[in-house]
Amino acid sequence: MKTAAALLVLLFGGLLVYASLEFPAWGDPMAPASRHVSPHYIERSLAETSVPNIVTAVLADYRGYDTMFETIVIFTAGVACLFLLRIFGRRSSESRLYRHLPTGITLRISRGGAVPLSSKEFERIDLQWVPYSVVVRTTCRLIVPFSQLFALYVIAHGHHSPGGGFQGGVILGASIILFAIANNLRASLAWFSEKLAVLLCGLGVSIYVATGALSFLLGGNFLDYGTLSKPFAMGAVAARSLGILMVEIGVGITVMAVMVHLYYGLASAGRHDEGL
Amino acid sequence: MTSQLPAFIILLPLTAAFGAFFAGWWFRKAVYPLVVGVLGLCVLLAGGILHAVFDHGSLRYFLGGWPPPVGIELHVDSLGAFMLTLVSSLSLLAAIYAKPSVETELADRVALFWSLYLLLTTGMLGILITGDVFNLFVLLEVASLSGYALVGIGRGQALLASFRYLIIGTIGASFYLIGIGYLYAVTGSLNMVDLGRLLPPLYGTRAVQAAFIFILTGFAIKIALFPLHAWQPDAYTYAPSGISVLIASAMAKTSLYALIRLLFAVFTVDFITVYRPLFNFLGWMAALSMIAGSIFAIRQRNFKRMLAYSSVANVGYIVLAIALVPATLQGLAPALVHILNHAVIKACMFMAAGAFIYRFDRWDIGEFTGLGRRMPWTSFALLLAILAMIGMPPSAGFVTKWYLVLAIIEAKQYPMVAAVFFSTLLMIVYFWRVVEIIYVRPERSPVPTAVRVEEVPLSMRVPCVALGIATFAIGPVWMAGILTPVVTAVNTAFGLGGQAP
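Order-wise, the sequence lines are chains D and E.
For the first sequence, our numbering assigns the number 176 to the initial residue and increments by one for each residue that follows.
For the second sequence, our numbering assigns the number 72 to the initial residue and increments by one for each residue that follows.
So that you can see chain D by itself, here it is in the shape it has in the complex (with noise of 0.2 Å):
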């Protein structure tokens, strides 16, 4: 059975290979792919977007429809990965451990025992409870807010350089993780709640489907940001570059809150407690 998969799938490669030899030669300027749609995205898209970046122009406006729906599947595997992952509810039935910070010393208050939320002196902790590093934390404490920085960056300079929503979301969400990682989850849940997340998780697409419905109530197409114009004051390009912008951020928002929430769920397998 092994067999015959392998001789398939060299089959169907073999076919990949035999159709590709086919193909226009790579990077030949009169192949089809070229010439077709491609010289109306390279001549016209800075007249007709005013954003240099052209891939950002194909990816938020002229292709903005696919764009939207790529990034509702991020959200759909965020929201797949609370459905399936996350154990809701508090279970009582155990004891907590806390450790008290000056002397390193750990208590177990067993059920019924009065426990404080939270406090200076006290650190609640689990059974498979590591000791942090000194290094780790400080380094992380000071990498964490540059890279939110540049993350902010990438997303708001996507118009002209390589960037936008979706890489400076990934960054600023590798920011907080980072931050979960050096410290522990219950750390990071009290910086960056739950709540929290899941709610930038729908505002982010939100963001970006309102952008597109607003060019409706204005009279235009579904994702027309042209329309935009009457509102803000300013001519068709202009706004469709503006347009490019609110979507580039709905983008980042969503991409950051999903990594961080499927962060949350992976590493507590969807308990929300002390995590890796």
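Rather than coming from a laboratory, the hints here were simulated on the basis of the structure.
Calculated pairs, SDA-like style, for lysine to any residue (alpha carbon to alpha carbon, straight line, at most 25 Å): (1) Lys177(D) <-> Arg235(E); (2) Lys100(E) <-> Leu112(E); (3) Lys170(E) <-> Ile262(D).
Derived coverage of chain D by chain E (criterion: at least 3 residues anywhere in the stretch with Cβ under 8 Å from a Cβ of chain E; other residues may be distant): (4) 230–244; (5) 373–384.
Label-pair restraints from in silico Cβ distances: (6) Ile318(D) <-> Leu349(E): 50 to 60 Å; (7) Met550(E) <-> Leu190(D): 40 to 50 Å; (8) Tyr485(E) <-> Arg219(D): 51 to 61 Å; (9) Thr175(E) <-> Leu282(D): 35 to 45 Å; (10) Tyr328(D) <-> His127(E): 41 to 51 Å; (11) Leu190(D) <-> Ile499(E): 38 to 48 Å; (12) Ile238(E) <-> Val230(D): 24 to 34 Å; (13) Val548(E) <-> Ala179(D): 39 to 49 Å; (14) Thr563(E) <-> Tyr328(D): 49 to 59 Å; (15) Gly566(E) <-> Leu221(D): 34 to 44 Å; (16) Gly275(E) <-> Met205(D): 14 to 24 Å.
Given the structure is predicted, the values throughout are model-derived calculations rather than measurements.
No residue lacks a Cβ here, since even glycine has one placed at the ideal position from N, Cα and C.
Please build the complex by placing chain E on the supplied structure of chain D, with the hints as guidance.
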């Protein structure tokens, strides 16, 4: 306002999916009314689109105001409008049906369930409405991803089933993506109408041939045609009842629609006429699927699994009808007839199966004894659906087989007639067993003298019975020619056939 309809039918379930997601955290009671209200509106909008398409011809909607092929367009023709009405109605009925079981089984994640349900619906409606091959892939991803999650929350081995579905389904989608990548390399376009115009001079090239094979194989996986059906029985069996109904009826038909659209709008009938042997091979695979699916179905004890294998057989009927298209004047008529008929019949059967599980937790056919008296309404609906599936006149299944056999005879592929009859014979074997156990065989355990009627809640019973009655009502509807204009319009749009059924 008509011109904005195509965008509305996508945006409505989409924004409602966000609404259900937020409402789950902050205003839980609003979720279900929102879902049913929005799906009801979708049915109305689909009806409006169907009406508009027949009044003014197909609707083309340029997203972002960019005309294709530079931008993406929504393109609703008569086939798309017909499928929109079917899929949105099934989605509404399945949502009404799913409420009681979802609330008991998924107490704390009901809102997430409905959010994913609406995303699945959005994905399906989006596939039916798009005029762009890459956009179709993106929406297939949205629909599949939410489908995997919804299957995975079921009981038993659902997670494993969902994982297999995910792996195999993703391979299918990737095959499709490779296919359109090849088409793009030789044409430079992603728009369906534009591709249909650019491809004819390239029919002889290897890239186009490979693209055709990859797209065909990709969709054969998605529609679970034998022998590429391995993901399907487990996924249908272990999914929550409401989701089994939706993916077995609407989702499977949406993939079939995409296949038809790619075959006849992008590759067009001229390509198929050139590569007839390939199409004949498809016909033989379909015949194999019809028989193998039925044989597997006979071996099953689990009712939902048996229905899943029966779906493999029925997809065979539809694919056979598609394979016969170039050889018959009926065009797509037999395929369309069975797409509608099988969607209705299978939805009703999965609803009945889910009702038996909901009330008595009975999964195996052997345990169905006495259900005819305990659950008279559901059992009656199931009986109607089974009779329609077997093909009792004047039911839906009879019409299917009538058209199919006529098309086969016209195409002079007589062995296929034998395949249809043999598969029907096997169908009678495995379905009649169910009827016999439900209605005739006595209960093993000490039978109480007066059997109480223990029906499922009305919200489950009404959609099930309504679909059960529909299985018989559709037959006369087809025979009276009420839906003939749809079929004629579809055939005309694709340049197929010559006469209306």
